[in-house]
Amino acid sequence: MRQWQTESKVLAGFALAIVVLAVVGAGLYRTMVDFIDTSEAVAGSQKALTTLEAVYSLMNQAESHQRIYLLLGMTEYLDLRQETVARVHGQVTELVEMLGGDPELSAHLPELERLVGVRLALLDNVLEVRRTRGFQAGQWQLAASPGREEMRRLGEHVVFMQGELTAHLQQRQQAAQAGARRTLSMLGLLLVLAVASLTALYLRIRRESRDRRDGEQRLRAVVDTAADGIVTIDARGRIESFNRAAERLFGYAASEVIGGNVSRLMPEPERSRHDGYLKRYLDTGEARIIGTGREVTGLRKDGGLIPVSLAVSEVKLGARRLFTGILHDLTERKRAEQRQARLIGELHDANEELKNFAYVVSHDLKAPLRAVGSLADWLASDYADRLDDQGREYLDLMKSRVTRMDALIDGILEYSRVGRIQEMRTAVDLDTLVPEVVHLLAPPAGVQVTVEGPLPAVIGERVRLQQVFQNLIGNALKHLDKPEGHIRVACADDGDHWRFSVSDDGPGIEPRHQERIFQLFQVLTPRDRKESTGVGLALVRKIVELHGGRVWVESTPGEGAAFFFTLSKSGPPDRGGEQQP
Amino acid sequence: MKTHARPILLVEDDRIDAMTVTRSLRELHVANSVEHVENGEQALAYLKDPASTRPCLILLDLNMPVMGGIEFLRETKSNGLNLRRIPVVVLTTSEEQRDKVESFDLGVAGYMRKPVDYGQFVDMMRTIDAYWTISELPD
Numbered sequence: 016m017r018q019w020q021t022e023s024k025v026l027a028g029f030a031l032a033i034v035v036l037a038v039v040g041a042g043l044y045r046t047m048v049d050f051i052d053t054s055e056a057v058a059g060s061q062k063a064l065t066t067l068e069a070v071y072s073l074m075n076q077a078e079s080h081q082r083i084y085l086l087l088g089m090t091e092y093l094d095l096r097q098e099t100v101a102r103v104h105g106q107v108t109e110l111v112e113m114l115g116g117d118p119e120l121s122a123h124l125p126e127l128e129r130l131v132g133v134r135l136a137l138l139d140n141v142l143e144v145r146r147t148r149g150f151q152a153g154q155w156q157l158a159a160s161p162g163r164e165e166m167r168r169l170g171e172h173v174v175f176m177q178g179e180l181t182a183h184l185q186q187r188q189q190a191a192q193a194g195a196r197r198t199l200s201m202l203g204l205l206l207v208l209a210v211a212s213l214t215a216l217y218l219r220i221r222r223e224s225r226d227r228r229d230g231e232q233r234l235r236a237v238v239d240t241a242a243d244g245i246v247t248i249d250a251r252g253r254i255e256s257f258n259r260a261a262e263r264l265f266g267y268a269a270s271e272v273i274g275g276n277v278s279r280l281m282p283e284p285e286r287s288r289h290d291g292y293l294k295r296y297l298d299t300g301e302a303r304i305i306g307t308g309r310e311v312t313g314l315r316k317d318g319g320l321i322p323v324s325l326a327v328s329e330v331k332l333g334a335r336r337l338f339t340g341i342l343h344d345l346t347e348r349k350r351a352e353q354r355q356a357r358l359i360g361e362l363h364d365a366n367e368e369l370k371n372f373a374y375v376v377s378h379d380l381k382a383p384l385r386a387v388g389s390l391a392d393w394l395a396s397d398y399a400d401r402l403d404d405q406g407r408e409y410l411d412l413m414k415s416r417v418t419r420m421d422a423l424i425d426g427i428l429e430y431s432r433v434g435r436i437q438e439m440r441t442a443v444d445l446d447t448l449v450p451e452v453v454h455l456l457a458p459p460a461g462v463q464v465t466v467e468g469p470l471p472a473v474i475g476e477r478v479r480l481q482q483v484f485q486n487l488i489g490n491a492l493k494h495l496d497k498p499e500g501h502i503r504v505a506c507a508d509d510g511d512h513w514r515f516s517v518s519d520d521g522p523g524i525e526p527r528h529q530e531r532i533f534q535l536f537q538v539l540t541p542r543d544r545k546e547s548t549g550v551g552l553a554l555v556r557k558i559v560e561l562h563g564g565r566v567w568v569e570s571t572p573g574e575g576a577a578f579f580f581t582l583s584k585s586g587p588p589d590r591g592g593e594q595q596p
Numbered sequence: 411m412k413t414h415a416r417p418i419l420l421v422e423d424d425r426i427d428a429m430t431v432t433r434s435l436r437e438l439h440v441a442n443s444v445e446h447v448e449n450g451e452q453a454l455a456y457l458k459d460p461a462s463t464r465p466c467l468i469l470l471d472l473n474m475p476v477m478g479g480i481e482f483l484r485e486t487k488s489n490g491l492n493l494r495r496i497p498v499v500v501l502t503t504s505e506e507q508r509d510k511v512e513s514f515d516l517g518v519a520g521y522m523r524k525p526v527d528y529g530q531f532v533d534m535m536r537t538i539d540a541y542w543t544i545s546e547l548p549d
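Residue numbers (the numbering used here), protein chains in the order written: chain A, 16 to 596; chain B, 411 to 549.
So that you can see chain A by itself, here it is in the shape it has in the complex (with noise of 0.2 Å):
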């Protein structure tokens, strides 16, 4: 668009700087015509000023030779007066001619051809006399001078002629000078405009042109500090440009390459494929890589191989179509993947190993631990009858650590089986399941335990969702410090989650517990006085966070506590695992 208007503007300012030079030319053209009519006209003015001055200077010739003949009576001098009378009359007829054209000045041409014909005829009748009356008769005739009178006249038209015809002359070289000088300012102005609008035009190019070189500069600046290969070739494969990151890249200089083909840029098979490549593209425009990009593996001066992101856009110039490829070093994020996987294997590796720790406590610590317990067992029983009360009592405390630490080992195996092993996914209906996880816990005679259903149908792990009201229902049993107690189990719809509660009127946790109580091993009571394993709320919160849901507590110390956890009504986010026959 800008170039449009750009070559429009030079084009235009061309345009008008031509039509002020043929103004100019026609200006000047005119100008010349004028001065040469001027100049003639000058020439003939003086012509006939100089024509007049003859016809008064012959007819006095005539005059004197007509005197010599009647005074000295020489014919000759007869001949002279003749011929020098024939000549006026052939000087005034080009006179006439000459001013012919003229109707001002040819206006005094009668009067002028009157003064000479009377002059004339005194002259003829003066010979006439001494023709017929003879010869003194004649000088008669000459002393009395009649023609006195009709010369001074006639001297005076000739000088008032040659007024008019210097008068006239002036005015015309006035006109012409003042047209002269009209034109000349006028083409004076028009040369100035000329100049300024070729300046403008110079100027408006020559910025254009750096504007342009700038441009290129730049663009070339910025292929050339570009950090990716860029390299153009032409549709036969030929090589036209080749920046910095590509000489970097391929190993090779560009000059080194410009002109060849690029599939030398390549190794087998690609090499020997590309041409057919690229006339299937431009046959059949059947796209393999152009306007968009794949991962390629490109081939070093020396030889080297090294992997590429490589994306190609068809560039149109006129008839010319070009292929820019811009090529990406991925030999660092190979190196990365690579490393990356090998991190993942470790951490594979790792996992596995976690795995096993699990299955390797489940039996090897198990074992020396229940071997403990029997021969506890066995020292009291087989020994009774040697032991005293201490030493019994010492036996017991063996066993019942023997069965905490059993415990905490089933907790251990339990909380690290959940989200290892993914159980199968079902629509689990709690209000059949919350009922059952009741009946099992078997609430003592004065505690209630009130399910308000009708409870929702969820998707999930159904063993892990009985875990999870198992644990809450089953510590607000274990927890409550009196007789009579109340445990409520509650749904209420949030949107995309169903929120969950149980509460109840135990003696409540204080607000700088309820986070820690979520954690693996914390109990807030010393075991000697409430079993626990610590486990059971960990377990709760990974289970429900495995399922997509958050868990929380709201308690007020001696009011009770609530436990509120979430489900998606959508069911679990999708996880990796392996899935349990």
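Be aware that a few hints might be false.
What the hints assert, rightly or not - With a straight-line cut-off of 30 Å between C-alpha atoms, the simulated DSS-like cross-links for lysine-lysine are:
no.	chain 1	residue 1	chain 2	residue 2
1	B	Lys458	B	Lys510
2	B	Lys458	B	Lys412
3	A	Lys414	B	Lys510
4	B	Lys487	A	Lys370
5	B	Lys510	A	Lys370
Bear in mind the hints are in silico, worked out from the structure with no lab data behind them.
Let chain A serve as the given structure and place chain B on it in line with the hints.
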């Protein structure tokens, strides 16, 4: 046990676990003898030996050195020993689903977790004895 003539084959590497089994059987007045071997390989050797008496029950631990319980079960299958007629009860610490599935796929008659408490252990052995006292076995 239905018959007192045939021994119980106990495959167990842990000495105290073996003691627990024999002691509980003694406490339950089970008259059958107990043949104790320490791993699957020894158990296979016992079963292949023509001199040894065919057991009426095999109590099998899973996690043992040299040859574990699962491997023992596979071996007995591929060796063509007619083990199907001898009930195998797995006595193990493993709660792994994988172990349970494999054991039953290999035809065990029962899968029991060894309780830590000795009293519970005795209860478990009592149940096993009671069951195989009632259940008939092929000769």
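Hint by hint, here is what the structure shows:
Straight-line distance between C-alpha atoms of Lys458 (chain B) and Lys510 (chain B) comes to about 26 Å, which keeps the hinted pair within the 30 Å bound. For the hint pairing Lys458 (chain B) with Lys412 (chain B), the CA-to-CA distance comes to about 23 Å; that is within 30 Å, so the pair holds. For the hint pairing Lys414 (chain A) with Lys510 (chain B), the CA-to-CA distance comes to about 28 Å; that is within 30 Å, so the pair holds. A distance of roughly 29 Å separates the Cα atoms of Lys487 (chain B) and Lys370 (chain A); the hinted pair therefore holds under the 30 Å criterion.
Of the supplied pair hints, the one linking Lys510 (chain B) and Lys370 (chain A) holds, its CA atoms being roughly 17 Å apart against a limit of 30 Å.
When the structure is compared with the earlier hints, no violation turns up for any of them.
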